[in-house]
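Asker: If you want the building blocks of each chain, they are given just below.
2 protein chains.
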Amino acid sequence: MVNFKELDACDSFAALKKTPRMRLQELLTPERIADLWIPHAAGLSYCYAFAPVDDLIVEQLQALADEQQLIEKYRMLADGAIMNTGERRMVLHHLARGRLGAPVVWNGQDMEAFYTGEKLRFYEFAEKVRDGRIRSSVGKPFAQVVQIGIGGSDLGPRAASIALSRWAIAKGRAKLTPWFISNVDPDDADWVLSRIDLSESLFVLVSKSGTTQETLANETLVRARLKAAGLDADRHIVAVTSKSSPLAGNPHYLDSFFIDDFIGGRYSTSSAVGGVIISIAYGPETFEEFLHGAHEADILALEPSLKRNPALMDAMIGIYERNVLGWPATAVLPYAEPLSRFPAHLQQLDMESNGKSVSRSGRPLSYSTGPIVFGEPGTNGQHSFYQLLHQGTDIVPLQFIGFLTNQLSPDMNSEGSSSRQKLVSNLVAQMAAFALGKEDENPNKAFAGGRPSTLLVGDELGPEQLGVLFSHFENKVMFQGFVWNINSFDQEGVQLGKVLAKKALGAISKGESSGDARLDALIAAVLERTRGESS
Amino acid sequence: MVNFKELDACDSFAALKKTPRMRLQELLTPERIADLWIPHAAGLSYCYAFAPVDDLIVEQLQALADEQQLIEKYRMLADGAIMNTGERRMVLHHLARGRLGAPVVWNGQDMEAFYTGEKLRFYEFAEKVRDGRIRSSVGKPFAQVVQIGIGGSDLGPRAASIALSRWAIAKGRAKLTPWFISNVDPDDADWVLSRIDLSESLFVLVSKSGTTQETLANETLVRARLKAAGLDADRHIVAVTSKSSPLAGNPHYLDSFFIDDFIGGRYSTSSAVGGVIISIAYGPETFEEFLHGAHEADILALEPSLKRNPALMDAMIGIYERNVLGWPATAVLPYAEPLSRFPAHLQQLDMESNGKSVSRSGRPLSYSTGPIVFGEPGTNGQHSFYQLLHQGTDIVPLQFIGFLTNQLSPDMNSEGSSSRQKLVSNLVAQMAAFALGKEDENPNKAFAGGRPSTLLVGDELGPEQLGVLFSHFENKVMFQGFVWNINSFDQEGVQLGKVLAKKALGAISKGESSGDARLDALIAAVLERTRGESS
Numbered sequence: 001m002v003n004f005k006e007l008d009a010c011d012s013f014a015a016l017k018k019t020p021r022m023r024l025q026e027l028l029t030p031e032r033i034a035d036l037w038i039p040h041a042a043g044l045s046y047c048y049a050f051a052p053v054d055d056l057i058v059e060q061l062q063a064l065a066d067e068q069q070l071i072e073k074y075r076m077l078a079d080g081a082i083m084n085t086g087e088r089r090m091v092l093h094h095l096a097r098g099r100l101g102a103p104v105v106w107n108g109q110d111m112e113a114f115y116t117g118e119k120l121r122f123y124e125f126a127e128k129v130r131d132g133r134i135r136s137s138v139g140k141p142f143a144q145v146v147q148i149g150i151g152g153s154d155l156g157p158r159a160a161s162i163a164l165s166r167w168a169i170a171k172g173r174a175k176l177t178p179w180f181i182s183n184v185d186p187d188d189a190d191w192v193l194s195r196i197d198l199s200e201s202l203f204v205l206v207s208k209s210g211t212t213q214e215t216l217a218n219e220t221l222v223r224a225r226l227k228a229a230g231l232d233a234d235r236h237i238v239a240v241t242s243k244s245s246p247l248a249g250n251p252h253y254l255d256s257f258f259i260d261d262f263i264g265g266r267y268s269t270s271s272a273v274g275g276v277i278i279s280i281a282y283g284p285e286t287f288e289e290f291l292h293g294a295h296e297a298d299i300l301a302l303e304p305s306l307k308r309n310p311a312l313m314d315a316m317i318g319i320y321e322r323n324v325l326g327w328p329a330t331a332v333l334p335y336a337e338p339l340s341r342f343p344a345h346l347q348q349l350d351m352e353s354n355g356k357s358v359s360r361s362g363r364p365l366s367y368s369t370g371p372i373v374f375g376e377p378g379t380n381g382q383h384s385f386y387q388l389l390h391q392g393t394d395i396v397p398l399q400f401i402g403f404l405t406n407q408l409s410p411d412m413n414s415e416g417s418s419s420r421q422k423l424v425s426n427l428v429a430q431m432a433a434f435a436l437g438k439e440d441e442n443p444n445k446a447f448a449g450g451r452p453s454t455l456l457v458g459d460e461l462g463p464e465q466l467g468v469l470f471s472h473f474e475n476k477v478m479f480q481g482f483v484w485n486i487n488s489f490d491q492e493g494v495q496l497g498k499v500l501a502k503k504a505l506g507a508i509s510k511g512e513s514s515g516d517a518r519l520d521a522l523i524a525a526v527l528e529r530t531r532g533e534s535s
Numbered sequence: 001m002v003n004f005k006e007l008d009a010c011d012s013f014a015a016l017k018k019t020p021r022m023r024l025q026e027l028l029t030p031e032r033i034a035d036l037w038i039p040h041a042a043g044l045s046y047c048y049a050f051a052p053v054d055d056l057i058v059e060q061l062q063a064l065a066d067e068q069q070l071i072e073k074y075r076m077l078a079d080g081a082i083m084n085t086g087e088r089r090m091v092l093h094h095l096a097r098g099r100l101g102a103p104v105v106w107n108g109q110d111m112e113a114f115y116t117g118e119k120l121r122f123y124e125f126a127e128k129v130r131d132g133r134i135r136s137s138v139g140k141p142f143a144q145v146v147q148i149g150i151g152g153s154d155l156g157p158r159a160a161s162i163a164l165s166r167w168a169i170a171k172g173r174a175k176l177t178p179w180f181i182s183n184v185d186p187d188d189a190d191w192v193l194s195r196i197d198l199s200e201s202l203f204v205l206v207s208k209s210g211t212t213q214e215t216l217a218n219e220t221l222v223r224a225r226l227k228a229a230g231l232d233a234d235r236h237i238v239a240v241t242s243k244s245s246p247l248a249g250n251p252h253y254l255d256s257f258f259i260d261d262f263i264g265g266r267y268s269t270s271s272a273v274g275g276v277i278i279s280i281a282y283g284p285e286t287f288e289e290f291l292h293g294a295h296e297a298d299i300l301a302l303e304p305s306l307k308r309n310p311a312l313m314d315a316m317i318g319i320y321e322r323n324v325l326g327w328p329a330t331a332v333l334p335y336a337e338p339l340s341r342f343p344a345h346l347q348q349l350d351m352e353s354n355g356k357s358v359s360r361s362g363r364p365l366s367y368s369t370g371p372i373v374f375g376e377p378g379t380n381g382q383h384s385f386y387q388l389l390h391q392g393t394d395i396v397p398l399q400f401i402g403f404l405t406n407q408l409s410p411d412m413n414s415e416g417s418s419s420r421q422k423l424v425s426n427l428v429a430q431m432a433a434f435a436l437g438k439e440d441e442n443p444n445k446a447f448a449g450g451r452p453s454t455l456l457v458g459d460e461l462g463p464e465q466l467g468v469l470f471s472h473f474e475n476k477v478m479f480q481g482f483v484w485n486i487n488s489f490d491q492e493g494v495q496l497g498k499v500l501a502k503k504a505l506g507a508i509s510k511g512e513s514s515g516d517a518r519l520d521a522l523i524a525a526v527l528e529r530t531r532g533e534s535s
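If you read the sequences in order, they're chains A and B.
Here the first sequence is numbered in the numbering used here, starting from 1 and rising by one per residue.
Here the second sequence is numbered in the numbering used here, starting from 1 and rising by one per residue.
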């Protein structure tokens, strides 16, 4: 029987809090560094030697994972239990990449068959676009594919597209160039449109509800530009939406591909939301490999032992750092330029999933939940915010990611070593520097050390490895949500802003009152100060 | 007489800590929202109505600013005092945009004349590139300008280039397209080089010392590609460097423009580091307007009264939030797509300047210094990490930035309002939602409120306004550094990683020992796991 209870009701958590904390500098031996590795899927490896946990703490974290029944809850979720309690929905992003347990049936529909069916439909569409059977309204082969979407319809697919853009060129799979339009600020869309030839551009409009304000505003803008260029807009746009949305089966789109309420935006890169653009740009086989890598990592995440399950170990170390050591943030540092927007995806994935203050049954919590997540690629970050990470007054645990092979470039030697060797040297040096520190007579040049990190490393970043990275963090966030006993799958926190924005928009566009004197005062003050300047 | 002392030695700080905290929901009245505005330079305005400070707290913050002699210290700095104590250097980024006080002379050199002289030299160079008098080695006019630099030689100039790219097109000033290469990962450089025609590309190599590892590695790569394309690399690269660097006056560059040790990387957008590429891409008059806006804001920052000095008010509110309320992070939220990389610049500016644990005289501090800074443009962030900001267990103070006019686009109506109106509605609605919250019977749909913000708003984002934004945050960070009594102008925290990276590189490229058994163990473990995969 699965039992849902708060973290502070767990005996194993009480024990964990009483356990003496470790000094990382003393813990770290060459043997530990050689040993504390867990094999991941698709040839990746996970190292937790630089995390502030000894054998006893790992045992207690295992006990906590067992007491909170994390694997059982994951299996329930995969089998179609209503784990998104507030919205009364199943959570099926795993199923979009492969089945982990029992068949999931909803209203007589086998859900695996639904996701696979849509996938095969957009694979066929992608092939037709790529080989020129589907062409633009003036008969040109499409050369650009532009996703219009925001939030999860933008961040994950964009991070994945950038991560594979060089790889796809190197492998000869890059056929169309992917672009993204997300912000309601029209300077976003017009910038993209100023750089592409509309007569050879295909747009992928992504909105589950078909009512997302930003996405519809951008569609209006794009349709106006297509029309002004003498093109038939209806033959330049496909929709990715739910079957019940106004966009579904609408003759104003070339085609529609379906998603449903059981895959949340931030988990949707594995669905048509990510699949359509990646299949069109880099080929269906590339997306299939991405799904395969993610599915392999999902299978590995079913393993109950922390020491054999990197996503689970990573999750539990994060719990220890957040709820025992009290650290409020974590930095993601990919030593790989292709992962330049992966931290932005993780920011949504983690902060939108676990930035919650009430339990899944609505009880206010008395402990910390999801941390702040931020990051930039290394070595760039070293020349930016690492100063604070090394010598600031707060400790920020670090998640390093690295690869040993370039995607696009033959390696280039300068001063006796290659660029890739320099990159990897910096990665390992930073892990050591953060953990070990350095004494110095000059306090300004001293490093306290004791700043922990973990590492995900692989030989090459291709679609399979990228799938593993997506799965790893999704499952980490899911496990942490189970530990905190929260619902990681809704986002009620975005609603109030939406409601007030609607009221503010009435006030700004029609001069009405918003119905709130303070919001009215703010609008009046802003307009007064800016109109003054423009006149 | 100016006195340097720690924050916890200030009587006014002791008083501030004892003062009752405010409930923002009760503090916020329409009158407060109408009144608590400070005019900024170049038509911008700063609103602090949504900050958690009442009249008494503002008075006490004024007393603290006075007790720590912030304006006196700023004047000292502007007049050429050795404010970068550890490195025994003056701090002269303000002077690069205009003189604020006494002439600054160093070794018989008037420093204002030095900065102006270099500026006029690169203005002339930029004009010659723009009108085709300086051409590529095969006689083509240059169409692309690519900056090679990292850290401050990348983040600020890149943020500024993106911020003005649409504006420059709209104003007919966009002549060359700016690009940036920073990461030592060769997948960065090769990606940029795959998108441009090398025969019409000019490179700006930026390294103060002329020895930055990443920048030299990228130069090697770029030179190899230029040569392979049959071009004379020496006629495609200009250097921005110090007079004593190996790059200075070197015949392998078209020209060199000089910077010096008195402007740190993160403050260097106002120098040749930002000036060369912006002048070439968008014209010297654009860079001149940027400097003018920054200088106007620098003058305003000399004002001793918080209520008339937005950078000072912003700094002191930040101190209150960090050292009294205890919040560890702050988010920057520009509702303007052109500012998409401005948060990354601020991340370096703030975290590298104030992520320190010892006082300017080397004493360990017992209070918190610089916060974590992160952010993404609105409305995108709303669909990403705002869930945590609204309903997470920690409070994160927010810095909103907004503009009322598009840079590039005519505004586009959909559903009865324009995109820009939608953008501004979202901005004001979020400020209200964060502060006011909302009660709800369902705890999962309730918002506690009390989440504070400040706002910088203007009609249009052009180079003058951008200069104000750069100056505002530089001066805010400087004032906070003075309050904490730290040296905001060095970055000793990046040294240890550099030293260990050199040792690691020897180990990786030559198979030597790094001299540290733990670093060796990490290198061996990483290579073992990745070689296994690649074989």
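No lab work stands behind these hints: they were computed from the structure.
On a predicted model such as this, the values are computed, not experimentally measured, just so you know.
Hints are not guaranteed to be accurate.
One copy or two, either will do: identical chains are not told apart, so a pair holds if it fits within one copy or between any two.
Here are the simulated DSSO-like cross-link-like pairs (lysine-lysine), alpha carbons at most 27 Å apart as the crow flies [said to hold, decoys possible]:
| hint | residue 1 | residue 2 |
| --- | --- | --- |
| 1 | Lys227 | Lys17 |
| 2 | Lys510 | Lys18 |
| 3 | Lys18 | Lys227 |
| 4 | Lys140 | Lys438 |
| 5 | Lys438 | Lys243 |
| 6 | Lys510 | Lys17 |
| 7 | Lys171 | Lys438 |
| 8 | Lys227 | Lys171 |
| 9 | Lys498 | Lys510 |
| 10 | Lys227 | Lys445 |
| 11 | Lys498 | Lys438 |
| 12 | Lys175 | Lys128 |
| 13 | Lys243 | Lys175 |
| 14 | Lys18 | Lys5 |
Asker: Now, for every hint given, state plainly whether the structure supports it.
Answerer: Status of each hint after checking the structure:
1. Lys227 / Lys17: neither (64 Å within a copy, 62 Å between copies)
2. Lys510 / Lys18: Cα proximity of Lys510 and Lys18: none, with 60 Å in one copy and 46 Å across.
3. Lys18 / Lys227: neither (68 Å within a copy, 64 Å between copies)
4. Lys140 / Lys438: neither (62 Å within a copy, 53 Å between copies)
5. Lys438 / Lys243: neither (60 Å within a copy, 33 Å between copies)
6. Lys510 / Lys17: neither (56 Å within a copy, 45 Å between copies)
7. Lys171 / Lys438: neither (44 Å within a copy, 53 Å between copies)
8. Lys227 / Lys171: between (36 Å within a copy, 25 Å between copies)
9. Lys498 / Lys510: For Lys498 and Lys510, the Cα distance is within 27 Å only inside one copy (18 Å; across copies 58 Å).
10. Lys227 / Lys445: neither (62 Å within a copy, 42 Å between copies)
11. Lys498 / Lys438: Between copies only: 13 Å across chains, 49 Å inside a chain, cut-off 27 Å.
12. Lys175 / Lys128: Within one copy, since 12 Å is at most 27 Å while 39 Å is not.
13. Lys243 / Lys175: neither (29 Å within a copy, 47 Å between copies)
14. Lys18 / Lys5: Answer is within; shortest intra-copy Cα gap is 20 Å, inter-copy 39 Å.
In the structure shown, a violation is registered for the earlier hints numbered 1, 2, 3, 4, 5, 6, 7, 10 and 13, in ascending order.
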